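The lines below spell out each chain.
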Amino acid sequence: MTAARPRLLRAIPNNRPAPIEVPVVLSRETLLSARDGDPVAFAQLVRTYYPRCLRFAQHLLSSREDAEECVQDTFVRVHRALHRYEERERFDAWLFRILANRCRTARRRLTRWSLFHSADLDRVTPISTSRVDGFVARDEIWHALAGLTEEQREAFLLRHVEGLTYEDIAAVAGIAVTAVRMRVSRACARLRDTINEADAERRNR
Amino acid sequence: MRRASIAVLLALALGVAPPASSQAVKLDSSLSAALSPTLDAARADGLPDAPLFAKAQEGVLKRAPRERIVGAVAALADRMRAARAELAPNATDHEIIAGAEALAVGVSGQVLRTVRLYRPRGTAAMPLEVMAHLAWRGVAPVQAADAITRAVVGGATTAQLVALDASVRQDVESGVAPPVALTSRTRGLTLQLQAPSNRATGADVAPQSMSSSPGAGRVRPRKP
Amino acid sequence: MQNDEIDSSLQPLVDRLRELPESDPRAVKRVLARVRQDDGRPNARRRALRRYFSRRSGWWAAAAVVVAAAGVTLFARAAVQSSNYESATLIPAVSDGAPTPVVPAADSDDSLSLERLVARKFTIESSQARQVSLVGDFNQWNPRQHRLHREGKTATWYITVQLPAGLHKYAFIVNDSVWTTDPSALRTVDRDFGVTSSLVLVQ
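These protein sequence lines map, in sequence, to chains F, Y and L.
Residues 0 to 204 (numbering that gives the first Met the number 0) are what the first sequence spells out, left to right.
Residues 0 to 223 (numbering that gives the first Met the number 0) are what the second sequence spells out, left to right.
Residues 0 to 202 (numbering that gives the first Met the number 0) are what the third sequence spells out, left to right.
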């Protein structure tokens with residue numbers, strides 16, 4: 000672990016869940032009420048987590064309709080399994096485990112994602128150049144994510160968008176923590192390559 | 000061909016690197032090198048390194064000279080070591096960080112040990128943070144430590160300690176001197192803890208077993 | 000070399016990925032409708048019984064009925080209370096010689112101390128600002144991570160962040176150049192670097 004040359008230190012802490020913005024937080028009391036069968040509390044749970052779940056599913060499935068279907072599926076399963084939820088685990092890690100499973104299943108059925116793997120890519124219309132401060136348009140996100148494998152995409156999103164710890168992600172994906180780190184590293188490397196290529200391309204013009 | 004298309008599309012979109020002033024706070028190689036021994040030693044000791052990184056980043060952002068940053072990170076690592084020793088066995092990362100903060104404001108190691116005796120693994124952090132918070136508000140560290148320790152020994156829950164902190168804040172904002180506010184609110188809490196209904200179902204006041212199980216520590220009331 | 004963190008080249012992409020989709024209340028209604036449908040299915044009764052017996056809570060079932068009957072107002076209030084520092088139950092102040100107040104017994108379940116994230120809103124007034132960042136020990140003092148939003152055309156900037164419960168030091172950076180403490184918060188003396196930060200206890 001002790002390297003001869005100095006390690007480059009990063010701005011974001013290792014393995015601590017990155018703080019994220021959510022519009023509303025679910026209180027522990029409401030969560031426990033929902034677990035104990037209170038339908039009003041469960042409605043609040045759905046309202047709180049729906050946007051995050053939809054965000055994740057959309058990035059994985061690329062189609063809003065499929066993502067919504069997947070998220071609905073997830074909450075039905077959450078409702079069935081909630082009484083088994085133990086507080087040892089963070090709730091969102093538990094929730095995302097179910098959601099990721101549903102997304103994987105949905106992806107196998109999916110045909111629309113193949114758009115990004117076909118030769119028709121050349122004929123995709125260019126993105127509008129009107130941007131403000133690093134804004135990235137939707138199609139560019141899909142193109143960037145398309146360069147990743149499914150596993151890398153899932154791991155990257157769970158880590159850097161949903162803010163789960165490596166342990167959480169390992170539980171979600173059913174693999175070792177080291178394997179998760181590798182997937183996230185590779186995802187970051189691939190995304191950086193893609194972005195650097197784009198920069199280089201622009202500079203050469 | 001596909002890569003070129005992606006490149007073109009992204010080229011149109013992603014634009015230039017952000018201006019230097021808004022870039023992520025980075026550590027230059029000489030600072031990284033200077034911090035390496037401290038960070039490596041801390042990691043080898045099993046201390047959480049995120050707070051040490053954060054302290055370094057704080058120093059960079061505040062434009063502190065390199066020697067000061069190195070000194071501050073080393074001092075924090077030492078405090079975390081000391082806190083962990085006092086909060087043994089099995090202190091969580093959060094407890095270690097909270098303990099280091101308490102030590103920094105002048106709370107003694109003995110106080111940390113006492114809190115540990117009465118709070119199972121994972122639950123010592125908040126009492127220590129309330130102590131530090133009160134000290135920053137203008138209460139003498141000894142008084143803050145004394146008040147919170149007595150409350151903890153008396154069976155106060157974390158919610159009650161947090162409520163105490165909120166009450167003191169309210170008083171101070173109304174113009175009451177912090178030590179006076181803490182004294183009167185502590186009395187109120189003591190009465191609350193001693194209330195007959197509390198005694199019947201109240202939290203266990205005997206010291207917790209030192210060999211607590213891993214994972215979350217929940218205080219369960221013991222019926223007499 | 001393993002490099003699994005976000006640097007400045009990836010930040011715009013991650014920022015965009017983090018944007019939440021517009022909330023659609025009908026979508027939530029659809030979910031709840033499906034859940035109710037699911038509850039009507041054959042396994043549902045067995046599951047409901049399992050739920051009933053798996054917790055010690057005979058009275059939860061009764062409470063659930065009451066809560067359901069009470070409707071919207073109850074969980075709305077719960078949502079406010081759970082994240083509102085000011086509404087924590089207060090401890091009575093007792094000065095010398097005052098009569099003993101009668102107070103309800105404390106909740107002896109101490110699970111509030113378990114690690115959890117709490118939403119905390121930070122606001123600052125600044126008419127000079129073109130952009131404001133929140134920096135603190137929870138985001139490694141990184142001015143790029145939490146940029147505040149402006150409230151319409153006012154001078155009010157705000158952001159809501161999920162923080163681990165506990166003590167946090169923070170400050171605002173205005174226009175990428177001015178270090179500003181929070182006028183509504185406690186100030187700390189910075190023994191390490193001599194630059195004052197703000198302090199908040201989140202629970």
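None of these hints come from the bench; they were simulated from the model.
Possibly wrong hints are sitting among the right ones.
What the hints assert, rightly or not - Simulated coverage check for chain F against chain L, where a stretch passes if three residues somewhere in it have a Cβ under 8 angstroms from a Cβ of chain L: (1) 46-60; (2) 74-88; (3) 93-102; (4) 167-173; (5) 186-194.
Everything numeric in this text was worked out from a predicted model, so none of it was measured.
Even for Gly, the Cβ is constructed at its ideal location relative to N, Cα and C.
Cross-check of the supplied hints:
1. 46-60: holds (count 8)
2. 74-88: holds (count 7)
3. 93-102: Answer violated; 0 residues pass the 8 angstroms Cβ test.
4. 167-173: n = 0 at 8 angstroms, threshold three: violated.
5. 186-194: holds (count 5)
In the structure shown, a violation is registered for the earlier hints numbered 3, 4, in ascending order.
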